[in-house]
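> Single-letter residue listing:
2 protein chains.
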Amino acid sequence: MNPLHDLFNPRSIAVVGASDRPHSIGARTLDNLLVHSQFEGDIYLVSTSKAELYGRRTWPSVQDLPATPDVAMVVVPASATLEVLEQCAARGVKFAVVLTSGFGEAGPEGQALEARMRDIAARSGLRIYGPNCPGVCNVNGRLGMTFSPSFPHDLRPGPIGIATQGGGLGRNIMQAMDRGIGVAMWSSSGNEVDLQVADFIDYMADADDIRVIVTLIEGIKDGARLVRALSKAARKGKPVVALKVGRSEEGARAAASHTASITGSAQVNSAVLAQLGVIEVDDIDELVDTAWLLARQLPGDAEAIAVYCSSGGAAALTADVIGQQRVPLTTFRPETTAALASKFPSYAAVGNPVDTTTAVLSQKGLFDSTLLDVCRDPGVALTVLPVAIDYGSVTVEIAEAVVRVQAQSPVPILPIWMSDRCGEGFDIYVRAGIVPARSVGKAVKAVRRWLDHGRWRRRADRLDWQPWPQLGQVPQPGRVLHLNEHQAKQWLARHGVAVPQGVLASTRDEAVAAATRLGFPVVLKVASADIVHKTEVGGVAVHLADADAVAVAWDRIHASVRERAPQATLQGLLVERMAGAGGVEVLVGVSRDPVFGPVLTFGLGGIHVELFQDVARRLLPLTRPEAERLVREPRSFALLDGARGRPKADVAALVDLLLAVSDFVGAQGDRIDEIDLNPVWVGPAGSGVLALDAVIVGRGSVGS
Amino acid sequence: MNPLHDLFNPRSIAVVGASDRPHSIGARTLDNLLVHSQFEGDIYLVSTSKAELYGRRTWPSVQDLPATPDVAMVVVPASATLEVLEQCAARGVKFAVVLTSGFGEAGPEGQALEARMRDIAARSGLRIYGPNCPGVCNVNGRLGMTFSPSFPHDLRPGPIGIATQGGGLGRNIMQAMDRGIGVAMWSSSGNEVDLQVADFIDYMADADDIRVIVTLIEGIKDGARLVRALSKAARKGKPVVALKVGRSEEGARAAASHTASITGSAQVNSAVLAQLGVIEVDDIDELVDTAWLLARQLPGDAEAIAVYCSSGGAAALTADVIGQQRVPLTTFRPETTAALASKFPSYAAVGNPVDTTTAVLSQKGLFDSTLLDVCRDPGVALTVLPVAIDYGSVTVEIAEAVVRVQAQSPVPILPIWMSDRCGEGFDIYVRAGIVPARSVGKAVKAVRRWLDHGRWRRRADRLDWQPWPQLGQVPQPGRVLHLNEHQAKQWLARHGVAVPQGVLASTRDEAVAAATRLGFPVVLKVASADIVHKTEVGGVAVHLADADAVAVAWDRIHASVRERAPQATLQGLLVERMAGAGGVEVLVGVSRDPVFGPVLTFGLGGIHVELFQDVARRLLPLTRPEAERLVREPRSFALLDGARGRPKADVAALVDLLLAVSDFVGAQGDRIDEIDLNPVWVGPAGSGVLALDAVIVGRGSVGS
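Order-wise, the sequence lines are chains U and C. Residue 195 is where the first sequence starts when you use the working numbering, and the numbers rise one by one after that. Residue 195 is where the second sequence starts when you use the working numbering, and the numbers rise one by one after that.
Bound-form chain U, shown alone:
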């Protein structure tokens, strides 16, 4: 049984701070519990001032209760909250739901109170929900542990679980009930002194009545906990649809002041969510569009869709948006096309999009029959049905027909109600659970995400995600690692990362001898743990074709470095064989995300990364299939794949290098803060890869 089972399905509830003062939090909470809920367990009212409330007796404190409740709802003022929680802990109450505000969000004093709350939770086993939150709306269980006067208005049960931190946007999602969205429950974590959004997701992954989980990521207190919860949802086959608030600089600033959590990098966040199969959306309304589609039906094997429409203009517009969003349109099998051609008049379009023209209005049964033909084509994953206008009774008839066809269709039919006029036709869809999308763009986005999620599920090679336990988000204290390029490369090479053959030379003669042994042309680079940007101090010479060139470069580098970095201690000069011609340069980096831990970044060198942000990221560890996908993710992968007449690059060796880097980070654990391999040379197929430069930032000592 999920550890939060008794929180969301308690047998008994105490309301501490119960009141009948109109509009008080205490009274509103009681109202929801006693009047608007259908709770059959025991309710205990705790009040220090009144002996009776709502015709029920009260008790002066939690200690005095005749039995220990599963949940204590705490609605006393902030100043009195700690004492109540201590009593709850002493009494063995399982969960305290603290709705009161005036804690962390109100300043340093409140933050101190929160620290003490965390302390109580840690030592007693009492789990604390909140503070500063609207509480729990268990819609399917019809139980409102909330002060919100909205509770009685938002009671359309359904398959969607909602986990949010803040209240405003969570309530916004609940109000999608007005367009027919059914919700199982909404849990909002407020200041998260103990229970977090991640815990609610974990619960929802287990809950039988929840098929899809919707969440807002406003800030993440514990990245690992969130990763575990999301992985569980994935294993249980429950899609999670997420909106991250605070993705832009402006939004992050606003979110930080609002939730007092770390928001982390939006790019890393998106990469991690995608890895875990979480469907990320861009706007709050898109959460509902996407979640409802997933709740209606999970995507199957087909990867393309059909458009079926009675307005030529709407069909073309929908096809446009589908093209822009790169959603594939099914090429109907011949049987489908033949069936449509035999039923429709000649001026209808029987390709895809299907433009029925007004023929379906005059010929009885034609609509049902042809729409079903389309939906039964095995290449169709879903049929989009744009409804351009509300045309009164005509629209009603079509809606009724769609509901009939949906009952026989193997795939979902998604109506797009494009008009601002919502008449009876709209209601027919809603009543049948076929909630229309409200704009072509938003609908197609939802469909794309639905298809993408299907692809992820079929792949499903990360369901057992295990983040490295030893790799925290915060750098550990310890002596800063102080490595020159040669040391960094040697360390990486011991773990299978391909680096050029190289020798650290202490004298000019050693350098010339090494170059002769390695074979020309060679590169000469200053080796100093004090110099990160070697080129800037004149510390690099390339294309050295013979012994003389090496000797000359030796002197030049020494002179230049002595002048431009006089304080640096030199460990010698690194002599390396130059990489062959015809390669492509890529960059591979690892950094430590404050929320999720070590993240690998891959991109093609230079301009593509800078101007076009054309990189791909993954939370480590990396699996081989994931590395294979990772390298193909940047648009500039075309350069590795033989674009512009180049030879195909050695992608297999590149994948090996990425896996070696991932293993290296795993083996070193907390030592590594950052790795920068830039450039990595990727040769033509069969000729390997080489990390031409390597920087490792870390702490402690160089590991084995």
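Any given hint could turn out to be false.
One copy or two, either will do: identical chains are not told apart, so a pair holds if it fits within one copy or between any two.
[To be verified] Taking lysine to any residue and the SDA-like style, the derived pairs with C-alpha atoms no more than 25 angstroms apart in a straight line are:
1) Lys558 to Ser295
2) Lys537 to Ser295
3) Lys728 to Arg840
4) Lys842 to Arg422
5) Lys728 to Glu704
6) Lys842 to Glu804
7) Lys558 to Pro878
8) Lys244 to Arg422
9) Lys537 to Gly304
10) Lys842 to Gln807
11) Lys244 to Lys430
Hints were generated in silico from the structure; no laboratory data involved.
Position chain C relative to chain U; hints supplied.
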């Protein structure tokens, strides 16, 4: 007076094909005209079968009418239409509105009828509207020359004019009236045998009651006519908001089968619209969001906006979307911040976004006063007000306050009604004309377009757009121009396009002598009008450092070309001085768009164009300020602007080259089908540009 004035504001109307048969087009048309319109002019019913209809006498034909009507509405069957039009023409009727379908859209026979209709229009002066269209809805004039039973439901007058070709999407826009959008008129052109969308835009540009024009571009019959109409709207200060249907391959296919017009290239279309100040949107609902905002108020000088919100989460989400859309947030002036800080409690956020917290709910007057402070900050162009949830009476009070503040605010306040629950608060906004947007993403997109349009208006250097009259969209017949690179370059050079110093050599010795004269290193290239891809036949040698190298290259090129292009006639080899080091390569192309004519494309060479489609386009002719903007439009402009430690490139010389190319095309007129300068070398600032390769495709003879 606009030539279409009497079409939209007739003094008398004849209905040819009048009927009282229920649901017939004739009856529905009469119903709209006699019952639902408030038309005070004369109405004549023409019927071959009934002497009286709707209690009015009828006439058997147009010839028999007692007076000549301004407009004849033609609702007879397709087969009878031509005769009616002949009669109208003979009688001197000004406009025939043909609602009947069964013409071009129905096949070759219908197309033949349309050709005859065009013929009648051309020789008689009768202007024909349609066929196959719903007709005219003059909402402000309360005149429905339409068979649509929707006419009486869509009668909210307003400042927006709608011009569409098809009916379905046009009606969709009309139904935005249900969210408070007022429309002056809707005109739909159907098969456009004569009058086109462009003509309606031209009329609306002149109409006093229209402030903003909304149009759908489903296909363009006459690009020049559209350009003229859009330019007129710009001169009259009326924004045009457009959605092009058929932008993707899939959509273009669907649109072509639907409208039988040329859709042209979506990229060219967008570039031309942007040049003309047209606001292009991506979805049909965005037309209305954007148009209404423009109708409420045109943007002023400020370029940044404010967000004012009572929900921290909604504020952060809005800020996110604002950041993603690159809409600038105002930095409040100190007076604003001080005023807000003095009025709000300390836990509110008084930066931008302003997060009022719930303080505004408890403290009377605080909302009005602080929202007005924000709107009066001179750096604020517009204030966005996200409303996350419908909270009943609280939301009503806020809506009432917004309406009050708007009356005093110098800038528009745009509420975003984020919830699916639309209660009384929503209606208050609508009644006050402050129509809320319905999603954060769509709202911010509308705001961005509104700001962009303000910037275009302030610039307003293309209000007197004059497309070249001599440059049609269709290549003229004539002998195909057959030029080698040297000839193309010479021709361009005579018009001020910078090309490398070069000599066409006929013998090896001539080549060596030329190279010596030009100065090494040189390039040697085969000169043949038969060879377009010189590199592929081994026809190019670069970096030739001395006379020997030139001689060797001469033999190698001749041998290779003889083998790989044996049929080609050689005009010699072109010897050119090589461009200096340190330059950036760009491409400049001109092609002839089938709709709009000659379009110039500019981008940075190679990979940026191919992988990232990072190019910018302009309809010619080019002005200097526009050329200045054009070169800065691709993201890879950074490479010309000193990114990655490069020297700044000679952008001034590049702009001169673009203008020279534009002038060249103008001077040559119909001769030129295509120009391809790829690459053009752009040297460091002060060192000029050079078109290193040049291909001209055209017809006729080489001009001066």
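> Tell me the numbers of any earlier hints that the structure contravenes, in ascending order.
4, 7, 8 and 11
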